[in-house]
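Now for the letters of each chain:
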Amino acid sequence: MISADALIAQDNEPVAATVDGEIVMLSVAAGAYFGLNGTGTEIWNRLREPRRFGDLCEELSREFDIDIETITRDVVPFVEVMLERRLLRLVQTQSTP
Amino acid sequence: MQLFSSRDGEALISIPSVGRYRIRNGRSVIVEPDPRADPALMRLFILGSVMGIMFHQRGLLALHASAVESGGEVLAFVGDQGQGKSTLAAQCLAGANRLVADDILVVSFDADGRPLAQPGMPGLKLWRDTLEHLGHGTDRLEQCWARAEKFRLGVEERVADRPLPLDRVYVLADDPRADAGRIAPMNGAAAAMALIEHTYRMELLDPQTERANHFAVATRLAGRIAVQRLTRNRHLAHLPDTAAMVLADAPRRELAR
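Residue numbers (our numbering), protein chains in the order written: chain A, 877 to 973; chain B, 1392 to 1648.
Please note: incorrect hints may appear among the correct ones.
Unchecked claim - Reference excerpt, derived from the structure (chain A facing chain B, CB under 10 Å, subset only):
# : residue
1 : Val904
2 : Gly911
3 : Thr917
4 : Leu923
5 : Pro926
Claimed, not checked - Have a look at the derived ranges for each label pair, beta carbon to beta carbon:
# : chain 1 : residue 1 : chain 2 : residue 2 : range
6 : A       : Gly930    : B       : Arg1573   : 39 to 49 Å
7 : A       : Met877    : B       : Gln1393   : 38 to 48 Å
8 : B       : Arg1543   : A       : Met877    : 37 to 47 Å
9 : A       : Gly897    : B       : Gly1504   : 12 to 22 Å
To be verified - Partner residues aside, some chain A positions facing chain B, computed with beta carbon under 7 Å:
#  : residue
10 : Val891
11 : Asp896
12 : Gly897
13 : Glu898
14 : Val900
15 : Leu902
16 : Gly907
17 : Ala908
18 : Leu912
19 : Phe954
20 : Val957
Keep in mind that the hints were calculated from the coordinates and are not lab data. Cβ atoms here follow ideal geometry from the backbone N, Cα and C, with glycine treated the same way.
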């Protein structure tokens, strides 16, 4: 499972467009299209710059007034699928020995 | 099984026992017929896949749709093969309404970015039972190649003669319990995905050079028209009520209110 310290960000490869407030994406590399619902779009828009996964969940928890456990449980599978499809990327941090 | 390849603005499509077609830059088509080819079948591929490739190469969005004009604006029906696009369009041609396109609907944008439906060929391909339902005999109609029960109904006197504003698109679905039907709005992402999915000959889009432009045009269109799901019982008995419902529908005016 993705750790709270993981740094994640939008991948540069997919082409994204906003249609009535929702994100639609084309990944030329994968030859596939993806549509995000309202929640997915909220998450995507917060990841233009690399963010700590834990910070992202805390922010969503505050703004939508949902407890952090519930938010994390909902966001983990979404982010994992987005990473797997290479729509999001893991940003390498300098590892400490 | 047809073979397709596309590179640097040049597409090749090869259809066994019919021939090979080379389409270049959306401008020229070279046909190399198979000696055994039926000329009618050769023409069918020119009016189908070859046209589809030409639109892709020109960067135009062509929907797999049938469309009619009513009161100066255009409504279009998309759906999988056999979903009843042409049938519903034919039923909508009552009163002063006109046919805009059958099967292939090219959409462009005017100087202000408003979507325009381009008029297509002046006829509809319909099943015998649909024609009979609409009060047309099939004796004098041309039969469609390879589809013995499908006929071409010419409506030359009832066609749009210029590009007209595209107002809304219905994605057709069949549900025997839905009777005349119900209309449900589709949100942004679903609307865009539906227009992408129902692009004419989507599988013949060059993945390297044409996909990005197609995506930009399809998502732009999705943001400017109402895309809705129309779920109805497609039995002919319900057809007049379904047509009346979509003709009276005014989703964008309701949004603006």
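message: Quick check on the hint: Val904 of chain A CB to chain B CB, less than 10 Å?
response: Val904 of chain A check passes; min Cβ-Cβ to chain B is 6 Å, inside 10 Å.
message: Tell me if the interface restraint on Ala908 of chain A is satisfied: Cβ within less than 7 Å of some Cβ in chain B.
response: violated, 10 Å
field: Interface hint compliance - Gly897 of chain A to chain B, C-beta minimum distance less than 7 Å
entry: OK, holds: Gly897 of chain A within 7 Å of chain B, min 6 Å.
Minimum beta-carbon distance criterion (10 Å), Gly911 of chain A to chain B: holds, 3 Å
- prompt: How about Gly907 of chain A: closest beta carbon in chain B under 7 Å, or not?
  reply: Cβ of Gly907 of chain A sits 6 Å from chain B, so the hint holds.
task: Report holds or violated for the interface hint on Val900 of chain A, using the least CB-CB distance to chain B and a cut-off of 7 Å.
output: holds, 4 Å
query: At a threshold of 10 Å, is the proposed contact between Pro926 of chain A and chain B supported by beta-carbon distances?
result: violated, 25 Å
- prompt: Can we keep the Val957 of chain A interface hint, with Cβ of chain B closer than 7 Å?
  reply: At about 15 Å, which exceeds the 7 Å cut-off, the nearest Cβ of chain B leaves the hint on Val957 of chain A violated.
query: Does the CB of Phe954 of chain A sit less than 7 Å away from some CB of chain B?
result: Violated - the Cβ of Phe954 of chain A stays beyond 7 Å from chain B, reaching only about 14 Å at its closest.
Supplied distance hint 38 to 48 Å, evaluated on CB atoms of Met877 of chain A and Gln1393 of chain B: holds, 46 Å
- prompt: How about Thr917 of chain A: closest beta carbon in chain B under 10 Å, or not?
  reply: Given a least distance of 8 Å, the restraint on Thr917 of chain A holds.
- prompt: Would the stated hint for Leu902 of chain A survive a check requiring a Cβ distance to chain B of less than 7 Å?
  reply: holds, 4 Å
Violation of the numbered hints given earlier is confined to hints 4, 5, 8, 17, 19 and 20; the remaining hints are satisfied by the structure.
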